[in-house]
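Asker: Note that the protein sequences, when read in sequence, are chains D and S.
My numbering applies: residue 838 is where the first sequence begins, and numbers increase by one.
My numbering applies: residue -18 is where the second sequence begins, and numbers increase by one.
Mixed in with the good hints there might be a few duds.
Claimed, not checked - Here are the in silico distance ranges between beta carbons for each label pair: (1) D:1129 <-> S:125: 17 to 27 Å; (2) D:887 <-> S:115: 44 to 54 Å; (3) D:1180 <-> S:354: 55 to 65 Å; (4) D:1157 <-> S:355: 30 to 40 Å; (5) S:258 <-> D:1176: 20 to 30 Å.
Derived from the structure by calculation, the hints contain no laboratory data.
Note that the Cβ used here is the ideal one computed from N, Cα and C, for glycine as well.
Next come the chains, spelled out residue by residue.
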Amino acid sequence: MTTVQTPRVDGPVEASASSKLIARVKRVVSSNPSVLPTVAAIVIFVGMVIYGEVAYGRIVQYNTLSNLFINNAHLIILAVGMTFVILTGGIDLSVGSVIALSSVAGVMLANAGWNPWVVIVLMVLIGTVIGLASGILIQYFNVQPFIATLAMMFLGRGLAALLSTRPERLDDESPILWLGEQFKVIDGEKVNDVVITPGVIVALLVVLIAFFVLHRTRTGRTVYAIGGSESSSALMGLAVPRTKVLVYVISGTLSGIAAVVYTSRLGIAQNITGIGWELDAIAATVIGGTLLTGGYGYVLGSVVGALVLGLMNVLITRDGGIPPEMTTIITGGILLVFVLLQRAVTSKRHT
Amino acid sequence: MSESLPIVEMRDISIEFPGVKALDGVDFRLFQGEVHALMGENGAGKSTLIKALTGVYKIDGGSIVVGGEERQFHGTRDAQSAGVSTVYQEVNLVTNLTIGENVMLGHEIRGGFGVNWRATHAAATEALARLGLDHLDTHRPLSTLSIAMQQLVAISRAMAVKAKVLILDEPTSSLDAAEVEGLFRVMRTLRDQGVAILFVSHFLDQVYAISDRLTILRNGKYEGEYLTRELDRHALISKMIGKDLGTLSSLGGNRRVEQRDYAAEAPLLAAKGLGRQGSIEPTDLEVHRGEVVGFAGLLGSGRTELARLLYGADRADEGEVTLNGTRVDLRNPADGLGRRIAFSTENRRDEGIIADLTVRENMILAVQAERGWARPIPRKEQDELVEKYITALNVRPADPNRLIKNLSGGNQQKVLLGRWLATNPELLILDEPTRGIDVGAKAEIQEAVAELAEGGVSVVFISSELEEVVRLSERIVVLKDHQKIGEIVNGPAITAQHVVDVIAAHGVEAAAESGIIDAEAGSNPTEAPHANAHVFAAPEEES
Chain D
838 MTTVQTPRVD GPVEASASSK LIARVKRVVS SNPSVLPTVA AIVIFVGMVI YGEVAYGRIV
898 QYNTLSNLFI NNAHLIILAV GMTFVILTGG IDLSVGSVIA LSSVAGVMLA NAGWNPWVVI
958 VLMVLIGTVI GLASGILIQY FNVQPFIATL AMMFLGRGLA ALLSTRPERL DDESPILWLG
1018 EQFKVIDGEK VNDVVITPGV IVALLVVLIA FFVLHRTRTG RTVYAIGGSE SSSALMGLAV
1078 PRTKVLVYVI SGTLSGIAAV VYTSRLGIAQ NITGIGWELD AIAATVIGGT LLTGGYGYVL
1138 GSVVGALVLG LMNVLITRDG GIPPEMTTII TGGILLVFVL LQRAVTSKRH T
Chain S
-18 MSESLPIVEM RDISIEFPGV KALDGVDFRL FQGEVHALMG ENGAGKSTLI KALTGVYKID
42 GGSIVVGGEE RQFHGTRDAQ SAGVSTVYQE VNLVTNLTIG ENVMLGHEIR GGFGVNWRAT
102 HAAATEALAR LGLDHLDTHR PLSTLSIAMQ QLVAISRAMA VKAKVLILDE PTSSLDAAEV
162 EGLFRVMRTL RDQGVAILFV SHFLDQVYAI SDRLTILRNG KYEGEYLTRE LDRHALISKM
222 IGKDLGTLSS LGGNRRVEQR DYAAEAPLLA AKGLGRQGSI EPTDLEVHRG EVVGFAGLLG
282 SGRTELARLL YGADRADEGE VTLNGTRVDL RNPADGLGRR IAFSTENRRD EGIIADLTVR
342 ENMILAVQAE RGWARPIPRK EQDELVEKYI TALNVRPADP NRLIKNLSGG NQQKVLLGRW
402 LATNPELLIL DEPTRGIDVG AKAEIQEAVA ELAEGGVSVV FISSELEEVV RLSERIVVLK
462 DHQKIGEIVN GPAITAQHVV DVIAAHGVEA AAESGIIDAE AGSNPTEAPH ANAHVFAAPE
522 EES
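So that you can see chain S by itself, here it is in the shape it has in the complex (with noise of 0.2 Å):
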């Protein structure tokens, strides 16, 4: 490591939010040409501290020296001029402007008359061969590229602007395995060009691959600065979450349920042939009573849509459906919610919660639905129920009257899925419930789904996490380019390799082509449970 002066050293940082201190006395320093991880669960204050740093947010206390003196930066743009940029987890540039505009936008090279865009084109390839990505043609829209290609096109634009010290904030979040290479590959060249970069992922194997030290915060304080090949994931996990790993492992590895004899009970739900033009073929599906099935397959697989079409968000337009034996017509949500069936959407910030709501309001919002609005629920029994699901889902913190937007993306998931518990439903769909949530909620929303279903809760279980799938589920059923391809029963033999191979064996092309073979092999589940090796593409979120 460099035995130079820290390109940033922050000291003693403290910012506190109304009613709670969201760092408290956090130390961090990063270096020039390395790679350092920030580690901490969702709201560990990862994402305030950087907000700290570029300015979007103001320090109550402490010192922030960047390039030997003092700063304190108003926003990204004067953090930018100082040689400090940001690429976020949501890929933030504008898709209506070409690539080359993306990179150089606020930067363009002007001439005598205005701006001159042969010029500003050409410093735009030259900061994208930086990358190696000199073939893209930056006339092209931003638009016609992949989330993974823009991801890349927004660290080129960081580092055209010569940018000192880079900040990638859960930049893999929604890159697939051979994109991530890719990712690496270019922060590799720029460390070693000399760029320090800050480095945040939620992915444990991705942090061993890349960094050469990392920083651990936990509730919002400093927990230590280790070198990265000097602390195992055990360790790291259990100063991330700061319990011993043995409490988790125990509930990921003895999970799987002990199978129970369907054949003789009428299964709860069934599906026929259901099927909707264009998003999913005609699709068999049995549910039980008091089953967990998992949906596994690729994004875009048509796990989601068929989720859909079994709650009604989506109609059906071919196939049937019964319930406890009866033809059922699910035509929109409120069928679905009628017949005690619960949905949680895997876009949580957009179809889950609603931001500007509390805790209390977000909860109760199901239960309210399906009274009806003309019959309010009494603030008493608003107050037990989100009690009571605040209590077992153990959400933090835990005050009702909070804006859910200022909970952690698991927090929030947790109020979700206390949302729908409130119902109390017969069916609970639970869509990617675990995407982009730390260890510790994963694990107790993981522990939530297998409590209902020994209480007598169908669950279909939805999940990018191969082997989160394999761990809950009794029976997978297996999804591939808009339809069914097979049905797993799952037991102690199997594992997550099974499920990747009836994928790849229903298109052997396909799947060499992603590259998910390779990565597969490289992950062992039983050594690090929850570090999963994350093989299929998802995009993540984080509050």
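Isolated chain D, as found in the complex (with noise of 0.2 Å):
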């Protein structure tokens, strides 16, 4: 046999900056797997925005991107306490009646007079209180998260209908409207505006803390070590009962905070707000890059996944082609996708 001498052809030599980019996406996925779905997610992201730009024009400017931060605030804040919580590898069910609970209740007590500022407190803590429940159930009764938070879905919707079945408009005087109202920060052309609510800063304030909170503290870092393994973090001396009780508490106050922001930009709450709402919310922590056993993902990525599914609901409203259940379907889709991604990310590294 002979051997055909090829000449060795050298790379061209020059890298684009954009070839340096990816090189270096490459590297830190490499060195890392577990950030592989959250880049995806990213990719994707991006990927439709371009689309969007494409297809349907008017997506890449400053009044669509605002709106989709405005209309999408809730869901932000619901996916990053989601996040704890499935970070530890256990499920929140119950965030969605929460948010029906907690602002049915917070404007009948706003219409009945009540400090608006006293009523913002007790809508969080309302949260808070179930998310104690369930954290408790599930620490100290051995209950499944599944099951507990489960019980509390049905008991914050019961308890809302209990107080009213008909849609409870809050009074236009009152002063939690503000936390809605929009403010213009850039003036551009028209109606195209930067335009920011308290709401969205709030949304914002909260994915900058819990980015803090897992990355900066222990309770952060022995909430990713119980999601690796619980037992062992148990043995290594960390506080895993204290944490554990603490993820589901943190996510019942962000629902009650994300009840606080969706109220205040609608004005109306009703007993049968938000329900599905904690299916969108792990949605978008799944698409985010969160895996569901726990122990990997980041909380900027459940903010991505918000986006995404934020931004199909806009490009679907755009298409005026696509019959609306179709945005089931395509959240479906794309869900399984990731899914699929996150099976061949951790396969990967069990080989």
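Using the supplied hints, reconstruct the complex from the two chains, each of which is provided in its own coordinate frame.
Answerer: Written out as structure tokens, the structure is:
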């Protein structure tokens, strides 16, 4: 056999900025494959933005993107809470009905003449209490997270219906509405402005604080450790019981905050508000790259996940031709792709 | 030995579990700067004593003095802050975080803006350096390390919290010879730094290599404390099992069955070119009636994979199996079971026992599965079956209604053996039936295997302990790198060394690298039949 001498061709010497970026991402991904799903979420989000811009136009502009944040602020907050829970390997199904209970109760109290600040604090506390109840059930009564939070979900929904089964409208003068008021940050041409609401600021603060807690505190690292192995974490002497209760308290509290943000934007509360939002929050978290079995994931990924879901709704509305029932089908499809991607990543890690 | 006060002194410790005294008046002392081995059979109370010390279990009687102060800890966390750290047999770290984080979890160095990662990783590197592991990149995920390295990281973690007492509970069970030597170097360094080390291991060689003193427990009772160099192996073993060693060695030494001429007989099972993509290359194999065939090879050599094909736990994608002369297609375990093939898994905890069921329920499981769920076994028949195998295999405690998770590893294994024997198999495949269990139970299981074969049952015996395979098998199938590389017909002249030679000859450089030849030369199977040099890495487990 003869060997054919092929002249060695060296690759192009000059590397463009984009290929440098790709190389960098590659290096991060290869040293830590768990970021791959999150990177993929970002890629999909960017892809959706580009597709939307090309196909329908008016996506990459101030007002569209501002509205994306304004309309999904509550979902971002929920997804952040859900990330904490899922990182420990748990699940919280109660967040949607916490929103219903908290917002109906809040609107009724506000309309009854309570001090709006007291009302806001109470709305948040309702979430905290329900989260605490779930956490205690799970940690000290050994109830499966799924069942414990399912019970809380029914309880919350039932209490909301007990309070009122009609849409409760917040008084037009109520100061709570200020949280949903839009402020122009940059005045663009015509209606193309950068607009922000205090609700969005709350959401961004929640994200920043959550990021800090998860990555810069012992409690946050314990959350990850529990997701890695609960029994090992306990044997390592970490505060497992306390942290496990805490993640449900965080999720409940953030649901309460999400209720405040959502109610202030809409001005109406109803006992059927938020049906299925727990699943949206779970979907956002999973799309953002958090592993349902716990231990891997990033809160920023969940934000991207929430935005992917929000943007999808925008694109479907823009298209006009897609029947609304397709929304859930597309959500399901995206979710499936991500779960498969996660499987690929985990199986790669095991070999 | 140090004349100062012991750093740990446990006196007259008693712990009672429902219906059983796990510890009964046990004394234990541990001095600074010594390696102290805690010895005993499975179920003797070693783990219980450790858990009493670390506060996982509450003591019902006695006193624990740590550092001159009477203490009763409330769990690992509490013990850790008092300087008592434990490293368990299963690596108790979290693989989803980095090496550095695992060392420092819960003790991260905090600055003005939360955890100061730079300082934390520096501290982790420092702790690793104490064990000579400073070449590790603390930013890499823990999952990139081998189990052995993870075990060393776990020890670094224990030392990062300034432990004065280090408890190592079977740390060597998943390490190979070279890795064990690395661990011992670390232990000696720490000992010389004044750390008190409590060491638990089933491997007598290791105990003699590393420990200064040892305390022996038997059946939850204190048997004595000795200087290791003053107690020879025979004395140690007889103190552990409470019998004269002679009875055991007679079993071990002479068990090698006389060779029968199988050529004339048709085999019970014959496999031709049996293989499965990615797990085992096409293999020919024959098993005769009443024959014990040993599978020898390194962990991951394809022993288990081949066994699973024979049982139908995995489906072969090439080759064929004939059983009693007829060709059979084994697609799932039910096919195997239906043809009177039984397979006892190496993964006792996850694939073997069902922890929350009783001994009885665990034992009748396979018989019940064979009959189908529609025909429950009458209670009377259950009792007879269970009674029979509890007695035959000497399961202790002999209580069919005890939850199996409360039994020691060796006794769990006996229950599993009983489970498969109850199905009355023609071919019994035992994958690592003696891993992680004590000498007494090991001997009993070996004895049971030999008796089965004499009674006409064919046995495929898989073990990482070569002496054991050589002692029991009539024929040894040697596997390496997912293929069968040879077959040895056993005889009086054959020793474990022959098997090692076959493996080594097949890939000289690979064998030299893993150091198995050196390790093997150090052990003498005739002198201490049960103190096998455990040359092959094999993860062990204990209750």
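Asker: Hint numbers the structure violates, sorted upward?
Answerer: Those not satisfied are hints 3, 4.
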